[in-house]
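Q: Sequence:
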Amino acid sequence: MVDRVLTTLVVVAVTVQTVLLCTHLRYGHWPAVIHGKGDDTGASDSKPLAPAEEALISALPSDNERRWVREMLEIRALGPGVVAREEVAEEVASVPLPSHSKPKLPPMYGEGVVIEGLDVCARFRATTSLFRRSAVAGLFNAGTNLFSQLVRKNCVMPFACPAAGTAQVKRMISRKACLGYPFQAPWGKHNPAEWRYGNHTVPSLAHFNRSEILPVVVIKDPLTWMRSMCRISYAAHFPRDPNCCPSPLDPEAARRGRAKVTVAYRKDRVVAYASLLDMWSTWYRDYMAQPDRLFVRYEDLLFNSEDTIRQICRCVGGRFTTEPFNFVPNPAKSGQGHGGGSQTNRAQALAKYASETARYETLTEDDLRFFREKADPDLVAKFHYEATDRPHHDSAACKPGTTAHQPRRRHRHHDRSAP
Numbered sequence: 001m002v003d004r005v006l007t008t009l010v011v012v013a014v015t016v017q018t019v020l021l022c023t024h025l026r027y028g029h030w031p032a033v034i035h036g037k038g039d040d041t042g043a044s045d046s047k048p049l050a051p052a053e054e055a056l057i058s059a060l061p062s063d064n065e066r067r068w069v070r071e072m073l074e075i076r077a078l079g080p081g082v083v084a085r086e087e088v089a090e091e092v093a094s095v096p097l098p099s100h101s102k103p104k105l106p107p108m109y110g111e112g113v114v115i116e117g118l119d120v121c122a123r124f125r126a127t128t129s130l131f132r133r134s135a136v137a138g139l140f141n142a143g144t145n146l147f148s149q150l151v152r153k154n155c156v157m158p159f160a161c162p163a164a165g166t167a168q169v170k171r172m173i174s175r176k177a178c179l180g181y182p183f184q185a186p187w188g189k190h191n192p193a194e195w196r197y198g199n200h201t202v203p204s205l206a207h208f209n210r211s212e213i214l215p216v217v218v219i220k221d222p223l224t225w226m227r228s229m230c231r232i233s234y235a236a237h238f239p240r241d242p243n244c245c246p247s248p249l250d251p252e253a254a255r256r257g258r259a260k261v262t263v264a265y266r267k268d269r270v271v272a273y274a275s276l277l278d279m280w281s282t283w284y285r286d287y288m289a290q291p292d293r294l295f296v297r298y299e300d301l302l303f304n305s306e307d308t309i310r311q312i313c314r315c316v317g318g319r320f321t322t323e324p325f326n327f328v329p330n331p332a333k334s335g336q337g338h339g340g341g342s343q344t345n346r347a348q349a350l351a352k353y354a355s356e357t358a359r360y361e362t363l364t365e366d367d368l369r370f371f372r373e374k375a376d377p378d379l380v381a382k383f384h385y386e387a388t389d390r391p392h393h394d395s396a397a398c399k400p401g402t403t404a405h406q407p408r409r410r411h412r413h414h415d416r417s418a419p
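The numbers in the sequence shown follow full-length UniProt numbering, run straight up by one, and end at 419.
These aren't lab readings, by the way, just hints derived from the structure by calculation.
Every value quoted in this text rests on a predicted model; they were computed, and no experiment measured them.
Possibly wrong hints are sitting among the right ones.
In silico lysine-lysine, DSS-like type, Cα no more than 30 Å apart, as pairs [unchecked claim]:
#1 K267 <-> K374
#2 K170 <-> K153
#3 K104 <-> K153
#4 K153 <-> K176
#5 K352 <-> K382
Taking CB as the label site, the calculated pair distances span [claimed, not checked]:
#6 R210 <-> V271: 15 to 25 Å
#7 N243 <-> D389: 34 to 44 Å
#8 Y197 <-> E356: 32 to 42 Å
#9 E373 <-> A272: 15 to 25 Å
#10 P242 <-> V270: 36 to 46 Å
#11 A253 <-> N330: 32 to 42 Å
Even for Gly, the Cβ is constructed at its ideal location relative to N, Cα and C.
Take the sequences, apply the hints, and build the full model.
A: Structure, rendered in structure tokens:
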């Protein structure tokens, strides 16, 4: 009789706890026991649940509720020490893991993965719900599309939407049963840092809670980035020599005087920069001053893809893929919004960006002197973007031609189409 009463009390207690948790799950409020719990902190240590708990889980109406109630009960069964184990896992994750057939990072970019801002990860997980997400930001041509695809294909987030029809997914999102992965920061991935707290929102991303978005800023070697801007400049406008761009880097050294760089982030919000190098330095310096953001290098996304995405995934509370890592071998961006024509695939990019000779192509000693004087020194040092003297015998010489102004091609708005 006593055993039957005790069993009944346990069932009632667990039932009440489960109902309360499911209510939180349905309406987006999260009990403290699962705040910050997004990565695998020791599934092999989980203890079997009681038959009554298993029965209650089976009776829940959705897979999401069954999955997260099971996790809550398993955490409770583990007892104290879960947080400590998560912190240890975070430390282990900060060490780059070996990867088979991994391409070697060119020595000019230092050694190992460089991710700036990992100290915000634990606080971000602890102060957000399981609907938290990372979202990419970065200048045009910096590799933002590559980052988004690598994360989407290799990091599983809590409450990820299933592969289903658009109408079904929209209904699930409206019921807070799932949340997709933002293809960019809701305020526009190419927009300046100050837009993060402004009124502009990409229409298709209006349902994301900005306070639960961790921006991941992709930065690229300014010397190779400027060359990419010469090829496709998107919303940036500047005159250039078709044979020598980005040389000369110094606007005052250009024949007939080179106009400043103007960027139409929106039709009514045009920003002027003194040069391409000033645009790079200003844009990234402003984002570096922002709280709660990460910085990753394009070069690490290319040469240290798996190690980089593993750390980002753990930072935001995702589960890293157990499948073979998807390196996104095909071009990460395509279509008329990206200039049309052929795009660079992974193999081509590895060959292109591994070459120090190609990095200095068309640049002169005056260009490199201007770079060392004007590029933001903190960004250059932090991400190993220093420039040495140009190797004359290796780099191709520039043959100036007629200064060509950027053609006024129509592009879709860069919130949707830029790289």
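Q: All hints, please: hold or fail.
A: Hint check:
1. Simply put, K267 and K374 have alpha-carbon atoms about 29 Å apart, close enough for the 30 Å limit, and the pair holds.
2. At roughly 21 Å between alpha-carbon atoms, K170 and K153 fall within 30 Å of each other, so this suggested pair holds.
3. Pair hint K104 plus K153 holds up; C-alpha atoms about 22 Å apart against a cutoff of 30 Å.
4. Simply put, K153 and K176 have alpha-carbon atoms about 22 Å apart, close enough for the 30 Å limit, and the pair holds.
5. Between K352 and K382 the CA atoms are separated by roughly 23 Å; this keeps the pair inside 30 Å, and the hint holds.
6. Between R210 and V271, the C-beta spacing of about 22 Å keeps the proposed range 15 to 25 Å intact.
7. For the hinted restraint 34 to 44 Å between N243 and D389, the CB-CB distance of approximately 22 Å leaves it violated.
8. As the Cβ distance of Y197 to E356 is approximately 40 Å, the hint placing it in 32 to 42 Å holds.
9. Against the hinted window of 15 to 25 Å, the Cβ-Cβ separation of E373 and A272 comes to about 20 Å, which satisfies the hint.
10. Hint check: P242 to V270, Cβ distance near 24 Å, so the stated range 36 to 46 Å is violated.
11. At roughly 39 Å, the beta carbons of A253 and N330 sit within the given window of 32 to 42 Å.
When each numbered hint is compared with the structure, violations occur for hints 7 and 10.
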